[in-house]
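Trainee: Chains V and L, in that order, give the protein sequences. The opening residue of the first sequence carries number 0 in numbering that gives the first Met the number 0; numbering runs sequentially from there. The opening residue of the second sequence carries number 0 in numbering that gives the first Met the number 0; numbering runs sequentially from there.
These aren't lab readings, by the way, just hints derived from the structure by calculation. A few of these clues could be false.
All copies of an identical chain are treated as equivalent in the list; a pair is satisfied when it fits inside any one copy or across any two copies.
[Stated by the list, open to error] Result set (DSS-like, lysine-lysine): computed pairs, CA atoms no more than 27 Å apart in a straight line:
id : residue 1 : residue 2
1  : K189      : K128
2  : K189      : K241
3  : K214      : K102
4  : K109      : K87
5  : K240      : K102
6  : K102      : K253
7  : K87       : K128
Protein chains: 2
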Amino acid sequence: MQMNFVKKLIKSAEEKNSIVCLGMDPVLEEIPINEQSPSKKIVKFYSDIIEATHDSIGAVKPNYAFFAQYGFPGLRALKKVISVCKNKKLPVILDAKRGDIGKSSAAYAKEVFEFWKADAVTISPFMGKDSVEPFIKYCGKGKGVYILTRTSNPGAADLQDYQKTAAKVKEWHTEGVGAVVGATNVAELKEINEIFDGKMPLLIPGVGAQGGSAKEIVEALGENIKLHRINSSSGINYVYKKQDTDDYAGAAAKAVKELNGEIGI
Amino acid sequence: MQMNFVKKLIKSAEEKNSIVCLGMDPVLEEIPINEQSPSKKIVKFYSDIIEATHDSIGAVKPNYAFFAQYGFPGLRALKKVISVCKNKKLPVILDAKRGDIGKSSAAYAKEVFEFWKADAVTISPFMGKDSVEPFIKYCGKGKGVYILTRTSNPGAADLQDYQKTAAKVKEWHTEGVGAVVGATNVAELKEINEIFDGKMPLLIPGVGAQGGSAKEIVEALGENIKLHRINSSSGINYVYKKQDTDDYAGAAAKAVKELNGEIGI
Chain V
0 MQMNFVKKLI KSAEEKNSIV CLGMDPVLEE IPINEQSPSK KIVKFYSDII
50 EATHDSIGAV KPNYAFFAQY GFPGLRALKK VISVCKNKKL PVILDAKRGD
100 IGKSSAAYAK EVFEFWKADA VTISPFMGKD SVEPFIKYCG KGKGVYILTR
150 TSNPGAADLQ DYQKTAAKVK EWHTEGVGAV VGATNVAELK EINEIFDGKM
200 PLLIPGVGAQ GGSAKEIVEA LGENIKLHRI NSSSGINYVY KKQDTDDYAG
250 AAAKAVKELN GEIGI
Chain L
0 MQMNFVKKLI KSAEEKNSIV CLGMDPVLEE IPINEQSPSK KIVKFYSDII
50 EATHDSIGAV KPNYAFFAQY GFPGLRALKK VISVCKNKKL PVILDAKRGD
100 IGKSSAAYAK EVFEFWKADA VTISPFMGKD SVEPFIKYCG KGKGVYILTR
150 TSNPGAADLQ DYQKTAAKVK EWHTEGVGAV VGATNVAELK EINEIFDGKM
200 PLLIPGVGAQ GGSAKEIVEA LGENIKLHRI NSSSGINYVY KKQDTDDYAG
250 AAAKAVKELN GEIGI
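Go ahead and model the full structure; you've got the sequences and the hints to work with.
Mentor: Right under this line is the structure:
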């Protein structure tokens with residue numbers, strides 16, 4: 000029988016002793032590898048990083064945009080990187096921000112779960128219930144769906160009402176549904192987690208670079224900490240640049256270790 | 000010098016005498032072509048339809064989801080279909096509903112305009128100003144950006160406030176920015192067009208199948224009709240099934256002619 004996504008999250012947090020999600024934002028110019036093929040360059044970069052970190056992270060989050068900007072070579076790299084991560088038993092959250100009306104959402108759900116073979120996906124709730132349902136249907140097949148609830152960017156306040164969104168996400172909830180909640184405002188994060196009764200997996204980007212510290216976040220979340228994931232992308236991917244080394248995998252592993260220490264589970 | 004997107008819209012409406020946008024939603028099971036390769040099947044289907052309709056439509060709207068559900072073969076077909084449409088001087092609106100925070104949106108904009116080479120894209124405003132800006136920047140390079148303002152699905156009311164969204168879209172406006180407004184409620188369509196002073200290109204899906212008639216929509220829009228596009232997807236793509244024929248291209252051309260007649264510009 001297939002394991003459901005929530006169990007997968009908890010199992011990986013226990014096995015790896017980590018709730019860190021390693022975000023993957025490939026930028027060719029930042030990858031210190033002499034290799035002409037963009038696809039091979041990206042695959043080698045993340046394969047090395049995964050080799051160095053897989054036993055101390057609880058998930059990965061490839062960002063679709065960063066791969067797709069390189070066209071077919073980028074997309075081929077994404078396919079390969081997902082496979083590398085799955086071989087290491089890491090839950091793969093494809094950060095694709097998908098969302099459309101009924102039939103189109105069904106096609107997107109088929110894309111992310113059947114073609115990309117992601118374990119979970121990020122989606123936008125903007126078009127409402129019938130736009131999220133085709134994704135949520137896959138929760139019955141062991142997949143996860145993180146719905147954008149409060150993003151961590153300056154424009155978030157323009158059209159988002161996080162309380163209203165959180166209430167809808169709660170209404171749509173079934174096991175496997177989670178929420179993306181930015182780390183910028185720890186009080187809001189706490190409030191949203193309480194709306195969910197602490198039972199919904201949260202994916203929390205924006206730690207460090209954009210906002211709150213990992214320690215504050217963990218305190219705000221309270222129990223069930225292994226259900227959640229704190230994401231770090233550029234702080235792991237390209238941290239080698241701050242350490243006066245080209246050993247990007249070693250630098251990434253060190254940054255992961257530090258973040259795990261700060262989280263302290 | 001590069002023609003801006005608004006001029007491109009008006010020019011194609013004048014040359015083709017049509018404001019119909021042909022939506023492209025490939026579904027392999029619905030395509031009556033004996034061909035094993037999904038990619039070739041999709042490309043032949045739409046090449047034949049474009050050959051039969053290109054002189055009487057004012058734009059095309061390939062739906063990313065429907066191509067992407069077939070993985071790499073679907074994406075290769077999308078690349079080819081976009082090229083076929085551009086060769087016929089049709090404005091290509093990639094219906095991809097993209098949207099993310101700053102750097103990710105910049106990567107998505109690079110994807111749609113530089114890799115897919117679309118003339119315009121549909122995006123979600125959910126994450127606010129800094130999420131739409133990287134797309135809007137391309138308007139200066141002749142590209143178009145349609146921002147979801149009022150979708151035509153049942154769940155639209157869950158989290159959308161179309162008046163608030165329209166006000167934001169107007170605030171963000173620069174030449175080349177347009178709005179996606181469903182045809183379900185003609186009174187709302189009229190209201191939104193008035194908020195925009197009738198000056199913003201509207202992309203209107205949901206005619207026929209989901210809502211208002213083309214005639215009502217044209218009346219509601221008033222002047223500057225050549226700026227707007229009325230989209231029809233399944234009503235053109237698979238109309239052959241209703242006509243007891245396998246001549247899908249001929250059936251599509253007939254449906255386009257009827258829709259143009261109903262619009263009556």
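Trainee: Would you mind marking each hint as holding or not holding in the structure?
Mentor: Hints, verified against the model:
1. K189 - K128: Answer is both: 25 Å inside a copy and 25 Å across each meet the 27 Å cutoff.
2. K189 - K241: neither (32 Å within a copy, 55 Å between copies)
3. K214 - K102: between (42 Å within a copy, 26 Å between copies)
4. K109 - K87: Only inside one copy: K109 and K87 sit 23 Å apart there, 31 Å across copies, limit 27 Å.
5. K240 - K102: between (44 Å within a copy, 19 Å between copies)
6. K102 - K253: between (44 Å within a copy, 25 Å between copies)
7. K87 - K128: Answer is neither; intra-copy 34 Å and inter-copy 38 Å both fail.
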